[in-house]
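Participant: Use the sequences and the hints to build the structure in full.
Be aware that the sequence shown starts at 2, since it is given in our numbering, and climbs by one per residue.
Heads up, a few of these hints could be off.
FRET-style restraints, in silico, Cβ to Cβ [said to hold, decoys possible]:
| no. | residue 1 | residue 2 | range |
| --- | --- | --- | --- |
| 1 | Asp282 | Arg171 | 38 to 46 Å |
| 2 | Ala226 | Gln125 | 18 to 26 Å |
| 3 | Ala129 | Ile54 | 43 to 51 Å |
| 4 | Ile294 | Ala120 | 40 to 48 Å |
| 5 | Ile294 | Pro115 | 19 to 27 Å |
| 6 | Ala129 | Met85 | 20 to 28 Å |
Please keep in mind that the hints were generated in silico from the structure rather than gathered at the bench. Computed from a predicted structure; not experimentally measured. Note that the Cβ used here is the ideal one computed from N, Cα and C, for glycine as well.
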Amino acid sequence: MIKIGNAPCSWGVEFADDPRNPAWRRVLQENAAAGYSGIELGPVGFMPEDPAILAEALDEFGQELVGGVVFRPFHNAAKWDDVMDGAVRTCKALQAHGAKHLVLIDSISPRRAPTAGRAGEAEQMDSAEWAAFRDRIASIARLGAEDYGLTVGIHAHAAGFIDFEPELERLLDEVDESILKICFDTGHHSYAGFDPVAFMKRHMSRISYMHFKDIDPKVKAEVVANRTDFYEACGQGIFCNLGDGDVDFPKVRQVLLDHGFEGWCTVEQDCDPSGDTSPIDDAKLNRSYLKSIGFEGA
Numbered sequence: 002m003i004k005i006g007n008a009p010c011s012w013g014v015e016f017a018d019d020p021r022n023p024a025w026r027r028v029l030q031e032n033a034a035a036g037y038s039g040i041e042l043g044p045v046g047f048m049p050e051d052p053a054i055l056a057e058a059l060d061e062f063g064q065e066l067v068g069g070v071v072f073r074p075f076h077n078a079a080k081w082d083d084v085m086d087g088a089v090r091t092c093k094a095l096q097a098h099g100a101k102h103l104v105l106i107d108s109i110s111p112r113r114a115p116t117a118g119r120a121g122e123a124e125q126m127d128s129a130e131w132a133a134f135r136d137r138i139a140s141i142a143r144l145g146a147e148d149y150g151l152t153v154g155i156h157a158h159a160a161g162f163i164d165f166e167p168e169l170e171r172l173l174d175e176v177d178e179s180i181l182k183i184c185f186d187t188g189h190h191s192y193a194g195f196d197p198v199a200f201m202k203r204h205m206s207r208i209s210y211m212h213f214k215d216i217d218p219k220v221k222a223e224v225v226a227n228r229t230d231f232y233e234a235c236g237q238g239i240f241c242n243l244g245d246g247d248v249d250f251p252k253v254r255q256v257l258l259d260h261g262f263e264g265w266c267t268v269e270q271d272c273d274p275s276g277d278t279s280p281i282d283d284a285k286l287n288r289s290y291l292k293s294i295g296f297e298g299a
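Facilitator: Next comes the structure, spelled out in structure tokens:
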């Protein structure tokens, strides 16, 4: 059975210490009110790291913790302590609540930010830098898989060094599948300029977890042409409601069904926490859309 969850980033929560963040209990309450029974952790530190406090709230709102994301600068060797801190704390939180999915994302690099969506122009690492970068990702993947018993997925993200399809596939070729699978984000794949459905058909056997995100093609064209900052693009509404953009979700669903996918798919509609959208209204609309195209777990 495919189950549909949501994530704090749909409420604008990208960084745990952002003063614009909504209260963590509000996110749990509104996620439940919108009809979801699963939620991601968000950036570690946003929700309480005391397992007893968070467990009580998850139970109060009928929520299951699905997974968590390590969104840290894997590309920067000087930031290794920061990467490791985020990874260990996230792993501990997920393990404490029986969550399964650890998602690794190379965070935005100033070297890559101007070429988000421009694969042909993006700066590439040299062979030595790439090898060290790959090995840092593999180290955290092994930590999550072997020390904490989690299913670890790499997640391509606009403006990081795992963004475009060729570098994602290169990483998959070079890191053992036993420790690293794919958390596939439909929206970021489209943002990068590639076909999400075609990628899924080729790699479904390695996809362990899904992020459902849609892309407004008009906004995408504008932000790519204007080299717009990622978070500015979020504020301009690049991530629209599911079904309103260029991702073909009926085909996404069919690929999942054809391959017998089971488990959680998480809605992620990154937004500006100080924007004029209503996260709970969007969450309800996204759930209704998924239900309308046959996702019975929505």
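Participant: Look at each hint and say if it fits the structure.
Facilitator: Now for the hints, and whether the structure bears them out:
1. Asp282 with Arg171: 38 to 46 Å: Distance hint for Asp282, Arg171 holds at roughly 40 Å.
2. Ala226 with Gln125: 18 to 26 Å: Since Ala226 and Gln125 have Cβ atoms about 22 Å apart, the given range 18 to 26 Å holds.
3. Ala129 with Ile54: 43 to 51 Å: Once the Cβ atoms are compared, 44 Å apart, the range 43 to 51 Å for Ile54 and Ala129 holds.
4. Ile294 with Ala120: 40 to 48 Å: Cβ of Ile294 to Cβ of Ala120: about 29 Å, so the range 40 to 48 Å is violated.
5. Ile294 with Pro115: 19 to 27 Å: violated, 36 Å
6. Ala129 with Met85: 20 to 28 Å: Since the Cβ atoms of Ala129 and Met85 sit about 21 Å apart, the hinted range of 20 to 28 Å holds.
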